[in-house]
Amino acid sequence: MTRIDRTFEALRLEGRDAFVAYIMAGDPNQDRALEVMQGLPDAGVDIIELGLPFTDPMADGPTIQLAGQRALDGGMTLEKTLNMARAFRAGDDSTPIVLMGYYNPIYSRGVDRFLAEARAAGVDGLIIVDLPPEEDDELCIPAQKAGLNFIRLATPTTDDKRLSKVLQNTSGFVYYVSMTGITGAAEVQADTVAPEVARISASTDLPVIVGFGVKTPEAAAAVASVADGVVVGSAIVERIGRGDAVPEVLNFVKSLAEAAHQGEQVHD
Amino acid sequence: MTDLFNSFMTGPDEKGRFGDFGGRFVSETLMPLILELEDQYERAKTDDSFWAEMDFLWKHYVGRPSPLYHAERLSEHLGGARIYMKRDELNHTGAHKINNVLGQIILARRMGKTRIIAETGAGQHGVATATVCAKFGLKCVVYMGAHDVERQAPNVFRMKLLGAEVVPVTSGRGTLKDAMNDALRDWVTNVRDTFYCIGTVAGPHPYPAMVRDFQAIIGKEAKEQMMQAEGRLPDTIIAAIGGGSNAMGLFFPFLDDTDVNIIGVEAGGKGVNDKMEHCASLTGGRPGVLHGNRTYLLQDEDGQILEGFSISAGLDYPGIGPEHAWLHEIGRAQYVAITDKEALGAFQLCCELEGIIPALEPSHALAHVMKIAPELPSDHIICMNMCGRGDKDIFTVARALGVDMTGPEGRAVD
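Protein sequence lines correspond, in order, to chains A and B.
Residue numbering for the first sequence is 1 to 268, as defined by my numbering.
Residue numbering for the second sequence is 269 to 682, as defined by my numbering.
So that you can see chain A by itself, here it is in the shape it has in the complex (with noise of 0.2 Å):
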């Protein structure tokens, strides 16, 4: 069982949705990005996922990729991605987190080596956008056996037929994307997403969380209703790069976990 299988078992046991807050690693900078990371879990954030930077973030809109730009600006890598994992890890040993970005930091360092210090750091799963499950044996496989939970995508272009084939080697949880568009693009529809939501389920005993295009509390209670979770990222790390002072950002996070807590299972 990894940390992230640990919380969502605790999150059924009290029968609360889970709230997944993103936030992009040297975002500001890197002293600041640790001081938000260290603050998530005391706000209510029951799984971080940690944006590895990357010049070229093709799924990403524009709050998070001006995110990685000034995190890359200030000199952040994988290697300090990795050390800012291992330094939360030394004050919380419960909260999973779970590195999201693109492969080629990943392949250009070297896979197992990769997966021998993201492990060590105390990362617990890995969200790699552009390794769909055509190219599973490049990380997700690997990963898997070095004991990390490969999160992967499902998007609504992913009909039943693929659905199997997503669903076939994920752990962790499964993050739906709530739309067809980039992080951070339009409003989510909770009422859309919810037969998605049970189309998944019906086919993965896995938690399945949703994200891109939740903004608001309000968003977030809606989304949570209708699913195991929800993720808030551009809204996050847009307060951050506009330069809001830790606290406030921490206030921010802790009004969606909140309202992300108060939605109802779907699950039993």
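A hint or two may mislead.
Which stretches of chain B does chain A cover? Using the computed rule of at least three CB atoms under 8 Å from a CB of chain A, they are [what the hints assert, rightly or not]:
| no. | region |
| --- | --- |
| 1 | 283-297 |
| 2 | 445-455 |
So the derived label-pair ranges between C-beta atoms look like this [what the hints assert, rightly or not]:
| no. | chain 1 | residue 1 | chain 2 | residue 2 | range |
| --- | --- | --- | --- | --- | --- |
| 3 | A | Ser164 | B | Arg500 | 52 to 60 Å |
| 4 | A | Lys161 | B | Ala666 | 55 to 63 Å |
| 5 | B | Gly599 | A | Lys161 | 55 to 63 Å |
| 6 | B | Lys488 | A | Arg242 | 55 to 63 Å |
Keep in mind that the hints were calculated from the coordinates and are not lab data.
Just so you know, even glycine gets a beta-carbon here, dropped at the ideal spot from N, CA and C.
Starting from the structure of chain A, add chain B where the hints point.
Frame of chain A; chain B shown alone:
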């Protein structure tokens, strides 16, 4: 017949790989679209009516076949090999790009797509795409780095005249790779009605193979024309490489003719050095994953993608088609780099000796011809791909040569 097991022409495999290169490194949202495209392309490939439509338009709209021209004065001047030019700069829109665009747009129409998106660097692929979209009455959106929009103003105006919407890309550093990122972001958003017309032999499978197949008309014609002109195949074929589509188009039909030397010429910019002021992915990069495929990339130690540098906006891409990466690794083709300065020299010589104003991209290929031709015997035949004309580059060249075209004598006319 070539032995299938020893053929260099059987790639890619079912995973879209050429050896270790290529593949389908895209987000899940795009995956079903790419599989559908592959399926439709596989059908079209063996459909005679598809190729009949291509042949008709290649002939009557593009002006194919392009001539194979013996550059006598250049050959004489260099005093060695016999130099031929495959004149793809004479195509409608002035470059090889339209060969591929026609194929993709016909395919898009068959798939019922009504909106075409494209990325462009120098603007040649954008112009070709806008042209074919105008011809078929399709909506066309072209993503172009904001920096390139500025330095390629005539092509931007051309695209607009042709009815395309040109979107200046400011994300990242505002260059060709960022334009490709934004085109992918558009595609991921507008999955139902939109077809992404990629301009080179890169991107996720099936693009590298599909674009190669459409550009292979260059090599097929060159082979036949060379047999007619000389009664034999050339000894050496040479083409410039950014992403590598004109080169792949010339090279592919010759891959199994192992007596033919194949040379790809990358943009060496200010020189292939530690400062990375070049675009020579094979000469100065290493394998990585970007824009849907594994290939050689310009990148730093952390796997972050670097900006290339070249006087030629069309070669200004930090990657290269995966089939080139494979041909490089197995040694079937040789890849070299030519600096801006060498390319400019070739540009001028070609104007003066042959009355042909070449684009800066094939000027790189020509510069390498100038390097090797003098050392070769007079019965050695070189065929280089003159893949584009230089009208678009005259401002850049003038600037590089220190000529002021904004003054009273050389005033640019709108």
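Hints and how they fare:
| no. | hint | in the structure |
| --- | --- | --- |
| 1 | 283-297 | holds (count 8) |
| 2 | 445-455 | holds (count 5) |
| 3 | A:Ser164 to B:Arg500: 52 to 60 Å | holds, 55 Å |
| 4 | A:Lys161 to B:Ala666: 55 to 63 Å | holds, 56 Å |
| 5 | B:Gly599 to A:Lys161: 55 to 63 Å | violated, 41 Å |
| 6 | B:Lys488 to A:Arg242: 55 to 63 Å | holds, 57 Å |
Checked against the numbered hints above, the structure violates only hint 5.
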